[in-house]
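Chemist: Going down the list, the protein sequences come from chains A and X. Sequential numbering of the first sequence, starting at 1, is according to the numbering used here. Sequential numbering of the second sequence, starting at 369, is according to the numbering used here.
A hint or two may mislead.
[As the list claims (entries may be wrong)] Just a few of them, taken from the derived set where beta-carbon distance is under 8 Å, the chain A residues facing chain X: (1) Pro-33; (2) Glu-168; (3) Ile-268.
[Said to hold, decoys possible] Here are the computed lysine to aspartate or glutamate pairs in the DMTMM-like style, where the Cα-Cα straight-line distance is at most 20 Å: (4) A:Lys-207 with X:Glu-539; (5) A:Lys-175 with X:Glu-610; (6) A:Lys-175 with X:Glu-548; (7) A:Lys-300 with X:Glu-610; (8) A:Lys-337 with A:Glu-159; (9) A:Lys-337 with A:Glu-140; (10) X:Lys-588 with A:Glu-161; (11) A:Lys-175 with A:Asp-121; (12) X:Lys-595 with A:Asp-121; (13) X:Lys-595 with A:Asp-35.
If you're looking for bench data, these hints aren't it; they were derived computationally from the structure. Backbone N, C-alpha and C fix where the C-beta goes; we use that ideal spot for every residue, glycine too.
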Amino acid sequence: MAKRTLPILKQLLHQRSPSLSPLSRSVTYMPRPGDGAPRTVTLIPGDGIGPLVTGAVEQVMDAMHAPIYFEKFDVHGDMKSFPTEVVESIKKNKVCLKGGLNTPMGGGVSSLNVQLRKELDLYASLVNCFNLPGLPTRHENVDIVVIRENTEGEYAGLEHEVVPGVVESLKVITKFCSERIAKYAFEYAYLNNRKTVTAVHKANIMKLADGLFLESCREIASKYPSIKYNEIIVDNCCMQLVSKPEQFDVMVTPNLYGNLVANTAAGIAGGTGVMPGGNVGADHAVFEQGASAGNVGKQKIVDQRTANPVALLLSSAMMLRHLQFPSFADRLETAVKRVISEGKTRTKDLGGKSTTQEVVDAVIANLE
Amino acid sequence: MASQIARRLLRRRVTNEIFMTTTRSPSMGLFSSFDRNYSSCSSNLIRATLFPGDGIGPEIAESVKKVFSAADVPIEWEEHFVGTEVDPRTQSFVTWESLESVRRNKVGLKGPMATPIGKGHRSLNLTLRKELNLYANVRPCYSLPGYKTRYDDVNLVTIRENTEGEYSGLEHQVVRGVVESLKIITRQASLRVAEYAFYYAKTHGRKRVSAVHKANIMQKTDGLFLKCCREVAEKYPEIKYEEVVIDNCCMMLVKNPTLFDVLVMPNLYGDIISDLCAGLIGGLGLTPSLNIGEGGIALAEAVHGSAPDIAGKNLANPTALLLSAVSMLHHLDLTDKADMIQDAVLKTIAEGKYRTGDLGGSATTTEFTKAIIGHL
């Protein structure tokens with residue numbers, strides 16, 4: 001009997017150890033006294049699947065006893081502008097967690113998402129697209145961070161009808177904004193031990209506009225000699241993303257290309273339901289689902305309650321790190337990754353059949 | 369032979385009638401390349417302009433000529449080469465005679481051209497586009513059986529508006545450090561490309577047309593584009609029409625390309641999406657492309673580069689140019705010849721015995737061409 005049980009015991013021991021190692025830190029994080037006081041975070045559930053997934057985050061934060069206190073505000077996409085009380089709250093708390101806001105198509109109402117970013121000057125939008133272990137995708141070894149300029153470019157919203165039947169839209173690129181987004185990208189790469197920064201552009205056609213963007217990137221690149229810098233044209237970039245995504249590391253782009261590249265990268269790495277991201281400025285940060293496609297979702301998903309909460313859960317882990325609660329962030333991330341790699345509770349967009357609540361319960365059960 | 373001509377004339381008249389009765393489109397004249405045959409009663413050969421281009425251009429053009437003559441395609445090639453000095457009438461290296469030839473023949477095939485670096489002349493592609501008023505770029509993207517990429521079941525067509533949009537080239541510096549670039553969308557150009565998109569879908573048996581846009585942010589410009597698409601969609605009730613936001617479109621394309629059929633979009637999105645789709649099926653070396661101009665002009669081209677490093681070594685892959693020529697034949701209504709050549713090419717690649725270097729094989733251009741002729 002001992003001869004039979006020995007290899008089984010060995011197997012069990014080997015199985016347990018990899019799951020324990022991420023949590024055992026070799027160096028302790030030493031907080032300042034009083035850092036454990038609960039921080040207030042503005043919470044905007046939003047439209048569509050927004051309330052479902054933000055509800056998921058609330059439940060998980062509760063279960064972890066995280067020092068976070070949510071201040072909820074109701075905002076819907078068809079409002080004319082962001083209510084001042086919400087903006088005041090974000091300015092006071094400095095951090096916000098947000099579900100998707102539906103932008104009505106061609107209705108003359110400018111997108112509330114864009115308004116919020118301009119109002120709080122959240123000039124960098126970040127999406128981290130990476131392969132989650134256990135989630136099968138067509139592409140391997142994907143770990144791309146897309147940093148996108150969030151305030152100007154094609155989204156300036158300056159359009160006008162010249163004569164009936166001819167419409168002009170202005171794309172504005174300024175040195176100031178290009179410089180600060182390039183600075184953020186290189187700083188991010190430096191602080192997160194990333195090796196390459198790639199600038200995405202179309203300067204062969206838009207010589208002045210994207211040319212200015214590239215100039216700013218090159219200037220900043222010369223100040224970070226340890227980080228490799230290269231440039232790629234946006235159509236070639238999309239082609240390379242689809243065939244050889246492992247060559248990309250950090251990508252910095254103007255507004256519109258960033259939207260496309262981020263959604264393409266999210267699609268190849270597992271879908272927009274699992275990619276975390278957020279918007280950050282000099283004073284404030286708003287965390288939301290990384291890629292913008294599908295953050296409101298279809299009515300069917302809302303009715304069947306099968307929205308994928310993983311993206312927002314990983315974004316809230318990023319938020320916990322931003323608020324300097326690293327061990328809570330680690331616990332949350334480990335639990336989510338374990339649920340994904342086990343593969344038993346997955347929502348429809350990942351090929352499974354679970355509901356949002358089932359995924360949340362699985363995450364809570366996996367919290368250590 | 370006379371019966372062949374009579375049959376083809378009859379078929380053309382019938383399709384002409386069907387087109388006229390089902391669509392009261394005012395732009396009938398735009399697509400009436402089929403009208404040409406009524407006038408040329410002396411020979412049933414269609415004259416087409418051929419630009420072999422630079423680098424590997426001449427070799428792959430040779431390959432196309434061989435395959436076409438083996439398949440008995442009734443096309444007579446008129447070859448034109450890019451000049452060595454700037455022609456003052458066109459401000460570029462493309463001569464006035466070449467442009468006139470395309471305008472006269474209404475059909476052309478272009479190999480890869482390398483624009484020489486320098487000032488004082490326009491880029492070759494820009495010259496062709498502006499002078500021939502090539503307003504739509506059509507790229508059929510379908511997975512090649514036998515050439516494995518990560519996506520196996522791609523079968524879509526991207527139709528991109530080619531004259532305006534973000535690529536108008538109207539930029540200026542407002543003050544130091546602030547640059548503005550104008551994106552122009554006009555009703556006329558949007559209607560034109562939408563008309564072509566639905567006409568293409570109808571004549572090629574496609575069921576769905578999707579317009580790609582970002583009208584939630586750029587409400588007036590992409591809104592105008594969408595309005596034009598909707599107007600044209602009403603004239604084709606049998607074709608399903610939908611609208612997709614570009615970020616959703618990108619995401620869905622990389623997750624599940626079978627969701628799309630025909631995509632029509634303005635210039636910038638079209639550029640990015642058509643290259644993305646080319647990446648899905650294996651790159652620009654395998655993607656056909658067709659440019660449609662005013663007056664029924666069609667210029668098929670290979671969009672890959674001229675690859676000067678393998679020029680003259682008989683190693684080039686003629687697939688892109690061959691498939692572009694096939695789409696040119698479809699445009700000319702020579703569907704049976706087009707299908708025959710396309711099947712031969714696909715079968716040769718699927719078999720795997722003769723593949724050029726870029727597909728992972730070791731055959732030369734001539735061996736590959738011979739294999740295709742063998743499969744006709």
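Chemist: Indicate, hint by hint, whether the structure satisfies it.
Modeler: We went through each hint and held it up to the structure:
With a least beta-carbon distance of about 45 Å to chain X, the hint placing Pro-33 of chain A at the interface is violated under the 8 Å criterion. Given hint, Glu-168 of chain A at the interface with chain X, holds; its Cβ is 5 Å from that chain's nearest Cβ, closer than 8 Å. Residue-level restraint check for Ile-268 of chain A holds (minimum Cβ-Cβ distance to chain X is 5 Å; threshold 8 Å). Restraint check for Lys-207 of chain A and Glu-539 of chain X: the C-alpha separation of about 8 Å stays at or below 20 Å, so the hint holds.
Distance restraint check for Lys-175 of chain A and Glu-610 of chain X: the Cα-Cα separation of roughly 39 Å exceeds the 20 Å cut-off, and the hinted pair is therefore not satisfied. Of the pairs offered as hints, the one joining Lys-175 of chain A and Glu-548 of chain X holds, with about 12 Å between alpha carbons and a cut-off of 20 Å not exceeded. Using a Cα cut-off of 20 Å, the hinted pair Lys-300 of chain A and Glu-610 of chain X holds, with the two alpha carbons roughly 18 Å apart. Of the supplied pair hints, the one linking Lys-337 of chain A and Glu-159 of chain A is violated, its CA atoms being roughly 44 Å apart against a limit of 20 Å.
Between Lys-337 of chain A and Glu-140 of chain A, the direct Cα distance comes to roughly 17 Å. Compliance with the 20 Å bound is thereby established for this hinted pair. Among the hinted pairs, Lys-588 of chain X with Glu-161 of chain A is consistent with the structure: their alpha-carbon atoms are about 8 Å apart, no more than 20 Å. Taken as a hint, the Lys-175 of chain A and Asp-121 of chain A pair is honoured in the structure, with Cα atoms around 16 Å apart against an allowance of 20 Å. Distance hint between Lys-595 of chain X and Asp-121 of chain A is unfulfilled; the C-alpha atoms sit about 33 Å from each other, more than 20 Å.
Proximity of Lys-595 of chain X to Asp-35 of chain A is assessed by CA-CA distance (about 55 Å); at most 20 Å being required, the pair is judged violated.
In the structure shown, a violation is registered for the earlier hints numbered 1, 5, 8, 12, 13, in ascending order.
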